[in-house]
Each structure stands twice: as C-alpha cells, then as structure tokens.
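Respectively, the protein sequence lines represent chains A and B.
Quick note on the working numbering: the first sequence kicks off at 1 and runs consecutively.
Quick note on the working numbering: the second sequence kicks off at 119 and runs consecutively.
Just to be clear, a hint being listed does not mean it is correct.
Mimicking DSS-like on lysine-lysine, the simulated pairs with C-alpha atoms at most 30 Å apart in a straight line are [what the hints assert, rightly or not]:
| # | chain 1 | residue 1 | chain 2 | residue 2 |
| --- | --- | --- | --- | --- |
| 1 | B | Lys203 | B | Lys292 |
| 2 | A | Lys82 | B | Lys292 |
| 3 | B | Lys365 | A | Lys65 |
None of these hints come from the bench; they were simulated from the model.
Because the structure is a prediction, the values reported are computed rather than measured.
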Amino acid sequence: MQVSRYWRMNAQRYMMANGGVATAEKEEEKTFTFSGRGTIYSYSTVYDAPAGFEAYKPYVVGLIKLDEGPMVTAQITDIDAKEVEIGMPVEMVTRKLRTEGDEGVIVYGYKFRPSVVV
Amino acid sequence: MGEHWDVSLRHLAWQAIEAALDDAKTTDIDALYVGNMLAGRLSHQDHLGALIADYSGLRGAEAVAVEAGEASGAIALRQALLAVKSGEIKTALVVGVEKATDQTGSEALSAQSTSLDADYETMHGVTPAAVAGLMMQRYMHEHQVELENFAGFSVNAHANAGANPLAMYRNRLKAERFAAAPVVSAPVNLFDAAPVADGAAAVVITSHERALAMAPKPVRIAGSAVATDGFALHDRQDILWLSAVTKSTQAALKRANLAIEDIQLFELHDSYTVMSALALEAIGLAERGQGWQLAAEGKIGRDGPYPMSTFGGLKARGNPLGATGLYQVVEASLQLRGEAGDCQIPDVKIGLTQNLGGSGATAVTHILRV
Chain A
1 MQVSRYWRMN AQRYMMANGG VATAEKEEEK TFTFSGRGTI YSYSTVYDAP AGFEAYKPYV
61 VGLIKLDEGP MVTAQITDID AKEVEIGMPV EMVTRKLRTE GDEGVIVYGY KFRPSVVV
Chain B
119 MGEHWDVSLR HLAWQAIEAA LDDAKTTDID ALYVGNMLAG RLSHQDHLGA LIADYSGLRG
179 AEAVAVEAGE ASGAIALRQA LLAVKSGEIK TALVVGVEKA TDQTGSEALS AQSTSLDADY
239 ETMHGVTPAA VAGLMMQRYM HEHQVELENF AGFSVNAHAN AGANPLAMYR NRLKAERFAA
299 APVVSAPVNL FDAAPVADGA AAVVITSHER ALAMAPKPVR IAGSAVATDG FALHDRQDIL
359 WLSAVTKSTQ AALKRANLAI EDIQLFELHD SYTVMSALAL EAIGLAERGQ GWQLAAEGKI
419 GRDGPYPMST FGGLKARGNP LGATGLYQVV EASLQLRGEA GDCQIPDVKI GLTQNLGGSG
479 ATAVTHILRV
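Using the sequences and the hints, build the whole thing.
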C-alpha cells in the first residue's frame, strides 16, 4: 500500500490544482486551479490493460488541451469509445482511477466527459 | 530473441558476454556496464553489475548497471565509451539484458509502463502502446493518413527477420492483413507493436589502438550522443516531433563529421510503426507528416536508399527492452563487417543506431563505421 504517494497528490487529482514554482519575483508558491474545461487533442482506446485497470477495459485515454493552455493525460468517460473525436469539448469529473487489489487503496482523480454545458 | 522460459537473467547475459569476448579475442576486461530496464520489477533482482560480473567470470572487475527505460542498452554503451575515452578504463564490456517473461499479463504490462510518468500518465491507465496510440491518432488526424499507410514498416521488418535465424517472428506479413490485426490500444494493433521478449547482446569497447591490436574486425564508434525531451507526452510543445531524436542525431553526426545523407544503414527504435515514421522525420530523412511514405514506397527495404530494421528490428526480431540498444549495435556491426549472413546489405560502411526510452524522452544515437 502506498498511501502517502497517493495522498500527496490529492489537490492535483481532485481539483486540478497545483502549487506553482517559486520564482525570484514571487518567492511564495502560488496555487493555480484549472477550470477543468478543454478539448480532446488525441485519444486511444486501451484493450490491453495494466494491473489495476483490468476491470475497466476497454477504456479511452486522451490528451486534453485545457482551456488555459496546458495539456493533461486522462481517461475519457461517460461516452461510447466510437463517438470520441478530436476537438470534442470536455469537462473534468472526479472518478475512481484504479484499485490496488481487494484490500488496497482506491485512487480517485480526474477524468473528462463530454461537456454538458457547451 | 524470444520467450526463453528455461533461461535465467544471468544466464542470458552470460551467453551474450561469452560471444562478445570470443569475437573480440580478449578476456582482459576492466569494467562491465549492464543495460537493463526491469530486472528489479520482474525478477526481483537489482545490483546487476556485481551479479553478472560474478556469474560471467569477471569477479573483481568494476561493474555497474545503468537504467534509462527502453534506452538502457544504448545508455550503458555510452557510459562505457565515456569511461574508455577518459582513460580511466582501458577495456569495457557492455551487456544489455532483459528477462521480460519472468512476469506475464497485466503485471508485466505495468512494469513495462514504468518508463512513462507514474503520477501523470500511468496513474490514468496509460501504457506504452496507449502513448503510441495517442501519437498515431493525432498523426492520422493531422496528416490525413490511414492505419493501412503504416503497414510498410512492419512488412519490411518481417521480411528482413525472415533472414535472421535469431529473430522472434520470421513469418512474412502481408500488407493487406495489417489493418485487420487485433487492437492493442487503438489505433495501435498487434502488427504495429513490437513484441516484448527476452534477450541479451554484448559488445567490447576499447581504444582505437587497442582494438586494432586485439580484434580481427573492429568497428569504430564515430559518433555518440544522448538527448532528452519533455518526459510526459502531454508536456511537449509538439507531440508529433521527437525533439530528442533530432538533437541526438545532429550531435552524433557532428561528432562523426558526417551528414544524414552519408548514412547507409538505419537501426531505429521501431517499437511502434508511428515511432518509425516520427523518427524518420526527426532525423531529417522525411518532411513532417511524410515519414510513413518512405516505408510505403519501399525506400527502407534492403535494396532501398535507407535500409531499416535489417535483422527485423524491434517489430520482428523482438523488443528486448533494456537490451535493445545493444542488439542494434551488434546488428549494425555485423552489417559493417560483412558478416550479416542472409541479412547482409551490400557495401555498407556507415550505419546509425538509435535507441529510445519512454515515448522518446530519452534518445541515444550512435554512428558506427568501418
């Protein structure tokens, strides 16, 4: 079980919030929270799943170009794999990412679904 | 190359080391460099330097294992070169070894995914094939290319492997069957993806003068360079440009005082067909979006201007992960020495080998010549 490894990323995984890098001008770290909105830049449907993800296959992973500019890798959910398209608007939701066996940690985090409000 | 259920990690390494020492006509080794990616995960064995030195009759020699994902093999070679160039080590032995089949199924796939970003990629269920799928889907979208258009890479690899008795898949692959293969991580299918397997390969590195006195047919490493890129695919400016490939190729060519047009043989990291297309573009042989055409037009074949994967490449010879870089160098050396058997390309004097780690975060390029 790797509780601390998962716990230290709670802000990123639950809220897409991250501490910025302290610079000479701004000595304090600043936390930036993304809106969680973006578009699909690319995607792939995974049929051969690694440990912890077998129960979910096939699942779609995507590169999401966030409205603020940066790109993230995440699963695309709540949609049939055949309907996923490049350019599709998506929004962040919090879902179960993976499990560590029957007694291990269940890791939650961000996935993206087609935008409900466009 | 293959699934060697009856052979252990150390025994695989020893077999390659014996062959390399026999070929170089020496037993006088000062240091051993081991390239390996997954022994700690798959075989519960780290500390490979001392282990393999001991098991291979080199007890007492300096020994260390180095790791750079799938590029571990070529990185180990690079470390040996630097050590010999420094003068601190007279003669080094480099072995790449991977005992990939000690675990199978989803556990093995998890291990193979550790060369990607654990927090921001693999936590979301991404695998090496999925990263290739993300690149391939975008490539097809941007360049209006279909899956069938990538077939040429795998067809060429299988055709060449047919002449290599050590290859994992020696069967011919028909282009028209390519797109119908079972899907691994769409659009990547079984005929796109190189099969991960067990393997080991080794070379002896020493100075120019000592090599001439020692070995009957030495090969010169004229250029060697390593570069890195954004670690996770999503952090790169352009996911369809392998900038570490460009950087390491240009640096290696410069050190060899050569241009890309001088290269007569290419052993590239063809782990997925899209990686071959992107590598051909990044090394400067094709325009952006046109790398696949070199394969489609037969230009990477044994009679073409850019012979590639001449022993079958990762796709058909097999992908031994951390041993790949050494396989490439051994195969290119056999070509340059005219000892490639049925795989021989006529009149090759200069070859390029390129080993990638992760989705291209590490690129290692070597230029060999005789």
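Quick rundown of the hints versus the structure:
For the given pair, Lys203/B sits about 46 Å from Lys292/B by alpha-carbon distance, which is inconsistent with the 30 Å threshold. A distance of roughly 27 Å separates the Cα atoms of Lys82/A and Lys292/B; the hinted pair therefore holds under the 30 Å criterion. A threshold of 30 Å between alpha carbons decides the hint, and for Lys365/B with Lys65/A the separation of about 26 Å falls inside it, so the pair holds.
Checked against the numbered hints listed earlier, the structure breaks hint 1 alone; every other hint is satisfied.
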